[in-house]
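With the sequences and hints as input, model every part of the structure.
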Amino acid sequence: MTEANIQTGARRELIAFRIGEQEFCVDIMAVREIRGWTPATPLPRTPGYMKGVINLRGAVLPIIDLSGRFGLGVTEPNARHVIMVVHIRDRTIGLLVDAVSDILQLTDDQVQPTPDVAADEVKAFVKGIFAIDGRMISLIALDRILPTEPEAEAA
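First residue of the sequence shown: 908, per my numbering; consecutive thereafter.
These are calculated hints, taken from the structure and not from any lab test. Worth double-checking, as some hints may not be accurate.
Stated by the list, open to error - In silico EDC-like pairs for lysine to aspartate or glutamate, Cα to Cα no more than 16 Å straight-line:
hint	residue 1	residue 2
1	K1034	D934
2	K1034	E930
3	K1030	D1050
4	K1034	D1050
5	K1034	D1015
6	K1034	D1016
7	K1034	D1023
What follows is the structure in structure tokens.
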């Protein structure tokens, strides 16, 4: 977010979702669809947070377990879990989450910085936090979800 965006209080729509007891959100414009869990075909030599791939209308879609990616533990998906199909850096991927909870309309001036006490892993993925109606919702930086080149080679 640029200084100008924060000053103008630009309105944005976000999709909120849950992983365990925590709530997160992403920009609605990055979300292509939300679908029920489909078992993924595992790929060899991939990080633990990579669930594998699914066939999405003839396209191979990689599935990332967001809980595992955030270091919150690996998800054992069931029929209640959902896949958010998102577009990140010219790629389409699926994000495994527990549930989608809301569509939020917020302004940039409502976002608060990630606290300094947060672990570096958390700060790497969280752009800021919204405090709304007694809820704390972390704004995810989708462009940081995909592994960087050195991180991908280490896996």
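Hints, verified against the model:
1. Between K1034 and D934 the CA atoms are separated by roughly 12 Å; this keeps the pair inside 16 Å, and the hint holds.
2. Only pairs whose Cα atoms come within 16 Å are accepted, and K1034 paired with E930 is accepted, the gap being roughly 14 Å.
3. Note on K1030 and D1050: the hinted pairing holds, with a Cα-Cα distance of about 13 Å set against a maximum of 16 Å.
4. For the given pair, K1034 sits about 11 Å from D1050 by alpha-carbon distance, which is consistent with the 16 Å threshold.
5. Among the hinted pairs, K1034 with D1015 is consistent with the structure: their alpha-carbon atoms are about 11 Å apart, no more than 16 Å.
6. Using a Cα cut-off of 16 Å, the hinted pair K1034 and D1016 holds, with the two alpha carbons roughly 13 Å apart.
7. Using a Cα cut-off of 16 Å, the hinted pair K1034 and D1023 holds, with the two alpha carbons roughly 12 Å apart.
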